[in-house]
Amino acid sequence: MDILASLAMGFSSALTPINLMYGFIGCLLGTAIGVLPGIGPALTVALLLPITAKVDPTGALIMFAGIYYGAQFGGSTTSILLNTPGESSSMVTALEGNLMARNGRAGPALATAAIGSFVAGTIATIMLTLFAPLVAKLALKFGPAEYFAILVLSFTTVSAVLGASMLRGFASLGIGLTVGLIGLDSTSGIARYTLGVPELVDGIEVVLVAVGLFAVGEALYSLLYQKEEATGRHRLTSLWMTRSDWKRSVPAWLRGTLIGFPFGSIPAGGAEIPTFLSYSTERKLSKYPKEFAASKGEGAIEGVAGPEAANNASATGSLVPLLTLGIPTSATAAILLAAFQNYNLQPGPMLFETSGDLVWTLVASLYIGNVILLVLNLPLVGLWVKLLQIPRPYLNAGILVFASIGVYGMRHSSFDLLLMLAIGWGGVLMRRFDFPVAPVIVGMLLGPMAEKQLRNALSISEGDWTVFLTQPISAAFLALTLLVLLVPHLLHARGIKLHEDD
Amino acid sequence: MTQPRGIVPTQLAIGLGVIAISAVLAFGAYRFPPEMGFVILGAHVYPFAVAAFLGAVGLLLSYQAITGGFRELADHTDGTAGVVPDGKAGAAWVTAGLLGVALLINFIGFVLAAALLFACSARGFGSRRPVRDLAIGMALTLPIYWLFNAGLGVSLPPLVNAWI
Numbered sequence: 452m453d454i455l456a457s458l459a460m461g462f463s464s465a466l467t468p469i470n471l472m473y474g475f476i477g478c479l480l481g482t483a484i485g486v487l488p489g490i491g492p493a494l495t496v497a498l499l500l501p502i503t504a505k506v507d508p509t510g511a512l513i514m515f516a517g518i519y520y521g522a523q524f525g526g527s528t529t530s531i532l533l534n535t536p537g538e539s540s541s542m543v544t545a546l547e548g549n550l551m552a553r554n555g556r557a558g559p560a561l562a563t564a565a566i567g568s569f570v571a572g573t574i575a576t577i578m579l580t581l582f583a584p585l586v587a588k589l590a591l592k593f594g595p596a597e598y599f600a601i602l603v604l605s606f607t608t609v610s611a612v613l614g615a616s617m618l619r620g621f622a623s624l625g626i627g628l629t630v631g632l633i634g635l636d637s638t639s640g641i642a643r644y645t646l647g648v649p650e651l652v653d654g655i656e657v658v659l660v661a662v663g664l665f666a667v668g669e670a671l672y673s674l675l676y677q678k679e680e681a682t683g684r685h686r687l688t689s690l691w692m693t694r695s696d697w698k699r700s701v702p703a704w705l706r707g708t709l710i711g712f713p714f715g716s717i718p719a720g721g722a723e724i725p726t727f728l729s730y731s732t733e734r735k736l737s738k739y740p741k742e743f744a745a746s747k748g749e750g751a752i753e754g755v756a757g758p759e760a761a762n763n764a765s766a767t768g769s770l771v772p773l774l775t776l777g778i779p780t781s782a783t784a785a786i787l788l789a790a791f792q793n794y795n796l797q798p799g800p801m802l803f804e805t806s807g808d809l810v811w812t813l814v815a816s817l818y819i820g821n822v823i824l825l826v827l828n829l830p831l832v833g834l835w836v837k838l839l840q841i842p843r844p845y846l847n848a849g850i851l852v853f854a855s856i857g858v859y860g861m862r863h864s865s866f867d868l869l870l871m872l873a874i875g876w877g878g879v880l881m882r883r884f885d886f887p888v889a890p891v892i893v894g895m896l897l898g899p900m901a902e903k904q905l906r907n908a909l910s911i912s913e914g915d916w917t918v919f920l921t922q923p924i925s926a927a928f929l930a931l932t933l934l935v936l937l938v939p940h941l942l943h944a945r946g947i948k949l950h951e952d953d
Numbered sequence: 165m166t167q168p169r170g171i172v173p174t175q176l177a178i179g180l181g182v183i184a185i186s187a188v189l190a191f192g193a194y195r196f197p198p199e200m201g202f203v204i205l206g207a208h209v210y211p212f213a214v215a216a217f218l219g220a221v222g223l224l225l226s227y228q229a230i231t232g233g234f235r236e237l238a239d240h241t242d243g244t245a246g247v248v249p250d251g252k253a254g255a256a257w258v259t260a261g262l263l264g265v266a267l268l269i270n271f272i273g274f275v276l277a278a279a280l281l282f283a284c285s286a287r288g289f290g291s292r293r294p295v296r297d298l299a300i301g302m303a304l305t306l307p308i309y310w311l312f313n314a315g316l317g318v319s320l321p322p323l324v325n326a327w328i
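Heads up: the sequence lines are chains A and B, in that order.
Whatever position you read off the first sequence (first residue = 1), add 451 for our numbering.
Whatever position you read off the second sequence (first residue = 1), add 164 for our numbering.
None of these hints come from the bench; they were simulated from the model.
C-beta: ideal position from N, C-alpha, C; glycine also.
There's no promise every hint is true.
[Stated by the list, open to error] Covered stretches of chain B (chain A as the covering partner; in silico rule of three or more C-beta atoms under 8 Å from a C-beta of chain A): (1) 208 to 216; (2) 251 to 257; (3) 264 to 270.
Assemble the whole structure, with the sequences as input and the hints as a guide.
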């Protein structure tokens, strides 16, 4: 009952015209960048972080959440019509959905993706509503040792599970941790690794790194290595799903949600695993295995419905560790964390106590956002497709201009712009040799947190390192970390490969 | 996927680069000024750990590079194997545009510098109409300038520098 009362309060605040407007803008922007190739939710939220100086936290966070959500919705449109996944987590949709589109069934594919996203998003938000307060209550008992163990677990999962090679994931993480070291040490006050450059004393902003890697790096990489493909766009067809489409989609949506939410809510890094898992589940369970891409079929609707639902559910699920523990499990979540920190809000168990109204308004806005997105995406899908007509030069030039504004606007420093360019070239190198990018962002953000918790834990234990193993919760997290290191080997052995979610 | 045997120089360079970063971290941590008072865990311990971690990763990367190359390199064998014909020129244009905006923004102001960046990037991505691109760039950046200054309170350098 307590939860219901809080949620009702959240709704009354989320439904005020101003917050509705922020939610709507967020959903609109999110869908647009989801549709557009080359720009993702992490980059967009990073570029919009300056508004935290002006807009009140509730409005800004509602908008950012809308962008995060909307990008998942919009990404499926591009995948189905163009076979170029707008977001990498919609790769499966690109596979199966594009096949359907090629066979004249673009409409039902788009419909099942959008309605599935709505169903999954709503169910996942209900689960978030129920579980987040419980997790927060549990997390209140965590001390520094437990936090340190959770952070180690998050590091490991984000870098080990993503990408083809665990070693390269760890290399990215190491680089991220290194970047996180730069600047004033909060405990001792020593300036570390500033190389005498005054601009580095404050540390390097996460926005700067994100924009360098995602905007500049991506633009340069696509220029250097990506052939312009003459991918024919598929025509839209009627969105109506037949009775059999519905019958095949509904169970796939539900299964996708059940797979997606837990994977999103554990620090397992992004929406890749659940989408692939859901896809292979649907393939096994389907009564029409011949229609799947692997059997050179015409595209099976379950193969779109399940993964799209899983994708959305895991995006919602990833808000659980973010809100209750302050731990981001994807690059976008990491930037959202930075947004909270701009308001001097530290996500974590205390957030539910100290800023309860904000949290519940945010949760309520997720329910509303799902409805907005369904309306925005289904009837208006033709409008979004028009966005794809923006010529490639202008689209990319526009992204770069916005990137520069975002970075320069932070503290009016030309040095930051040069650093952004350098990081961009570093990003090209990383992309070229298949180093995942998300661990860099997560590492630079969580590294300083981990160091602080480590020091606190050791202060409490008076320098006794065994504290991490003797405290049951912390020991359990470390054991889980070991498990995470082993699981990818097992997955690889079974021929499952995972890719990065940006 | 077949792995070519032998040493892959570019990848070895990356491995060695990671080792170099680790060495810099360790050396830097060694030279931190001494801390005052009772310290449980000094400012240098965690950086040392990161350095050790990076060093190990760098060694393994280098090992892979001299024994046939990084493992499980995804899909660079197909369409993205080499630099596309106009790729280098395009990347050079974009780099020049970004360098330009970094060096010029404090002198010619935000609107002009960003419009220049827009034109350079568009050129890099294959547009061949510099004047039109500049105009579009201005049409894009002027409203942004106004929006940021008036709406968000993020002040960007003015159209032309104040003293001109």
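Practice item. Starting from the hint list further up, note which numbers the structure goes against and sort them upward. Key: none
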